[in-house]
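Colleague: Using the sequences and the accompanying hints, generate a full structural model.
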Amino acid sequence: MSDLVVIVYPTEAKAEEMRQKLLGLQKEYLIELSDAVIAVKQDSGRVKLIQLFNTTAAGALTGGFWGLLIGAMFLMPLLGASIGAASGALAGALSDAGINDNFMKELSAQLKPGNAALFVLIRKMTTDKVLEAIKGSGGTVLQTSLDHTKEDALRDALAATHASGEASGGSALST
Numbered sequence: 327m328s329d330l331v332v333i334v335y336p337t338e339a340k341a342e343e344m345r346q347k348l349l350g351l352q353k354e355y356l357i358e359l360s361d362a363v364i365a366v367k368q369d370s371g372r373v374k375l376i377q378l379f380n381t382t383a384a385g386a387l388t389g390g391f392w393g394l395l396i397g398a399m400f401l402m403p404l405l406g407a408s409i410g411a412a413s414g415a416l417a418g419a420l421s422d423a424g425i426n427d428n429f430m431k432e433l434s435a436q437l438k439p440g441n442a443a444l445f446v447l448i449r450k451m452t453t454d455k456v457l458e459a460i461k462g463s464g465g466t467v468l469q470t471s472l473d474h475t476k477e478d479a480l481r482d483a484l485a486a487t488h489a490s491g492e493a494s495g496g497s498a499l500s501t
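Going by the numbering used here, the first residue of the sequence shown is number 327, and it counts up by one from there.
Keep in mind that the hints are not guaranteed to be accurate.
[Claimed, not checked] Cβ-Cβ distance ranges computed for the label pairs, FRET-style:
| id | residue 1 | residue 2 | range |
| --- | --- | --- | --- |
| 1 | 369 | 402 | 41 to 51 Å |
| 2 | 469 | 400 | 50 to 60 Å |
| 3 | 476 | 403 | 45 to 55 Å |
| 4 | 476 | 431 | 18 to 28 Å |
| 5 | 440 | 347 | 50 to 60 Å |
| 6 | 458 | 370 | 37 to 47 Å |
[To be verified] Simulated pairs of lysine to any residue, SDA-like, Cα-Cα distance not exceeding 25 Å:
| id | residue 1 | residue 2 |
| --- | --- | --- |
| 7 | 476 | 358 |
| 8 | 347 | 426 |
| 9 | 340 | 427 |
| 10 | 374 | 466 |
| 11 | 347 | 378 |
| 12 | 374 | 470 |
| 13 | 374 | 479 |
| 14 | 476 | 327 |
| 15 | 476 | 361 |
| 16 | 438 | 376 |
| 17 | 353 | 330 |
| 18 | 450 | 470 |
| 19 | 340 | 471 |
| 20 | 340 | 402 |
| 21 | 353 | 476 |
| 22 | 347 | 483 |
| 23 | 461 | 370 |
| 24 | 431 | 353 |
| 25 | 455 | 466 |
| 26 | 340 | 484 |
Derived from the structure by calculation, the hints contain no laboratory data.
Note that the coordinates shown come from a computational prediction; the quantities given were computed from them, not determined experimentally.
Every residue, glycine too, gets a C-beta built ideally from N, C-alpha and C.
Modeller: Take a look at the structure:
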């Protein structure tokens with residue numbers, strides 16, 4: 327079973343830095359992520375999602391390849407490639423893998439403009455080593471599906487040496 331963790335950061339750059347740190351930990355086999363998405367609340371109030379994996383582009387690439395292959399069999403490779411790319415892009419745009427986009431937008435609507443939320447779907451992790459690696463990196467836990475013990479440990483690890491930054495930056499959530 328996967329666990330969802332949502333952490334709010336004051337900027338998109340800080341959220342991206344944490345996402346890259348988690349991806350690095352994944353390369354070390356300390357954590358296994360299903361999805362990692364950054365949601366940024368823009369000044370206009372709109373929420374922009376920055377996906378880890380672009381399903382539309384992947385669908386277009388895969389569809390183009392298969393369309394080219396099938397089109398070559400019927401001596402129309404360009405037509406096959408273009409039809410395959412278009413249908414693959416459409417299929418990719420309509421599919422939603424990982425965390426539900428509407429859920430992320432609704433939850434991120436309560437952020438202050440300019441703030442970013444990092445949504446992480448964790449399949450499994452070596453908890454003590456991951457918490458040690460992210461210790462003091464800041465951020466405010468917005469929501470998790472972790473048990474209370476693990477959630478408190480996560481909050482403590484994020485805030486380890488970040489107490490002065492919270493006082494100056496204030497809360498990232500609007501009231």
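Colleague: Would you pick out the hints that fail for this structure and give their numbers low to high?
Modeller: 5, 13, 20, 23 and 24
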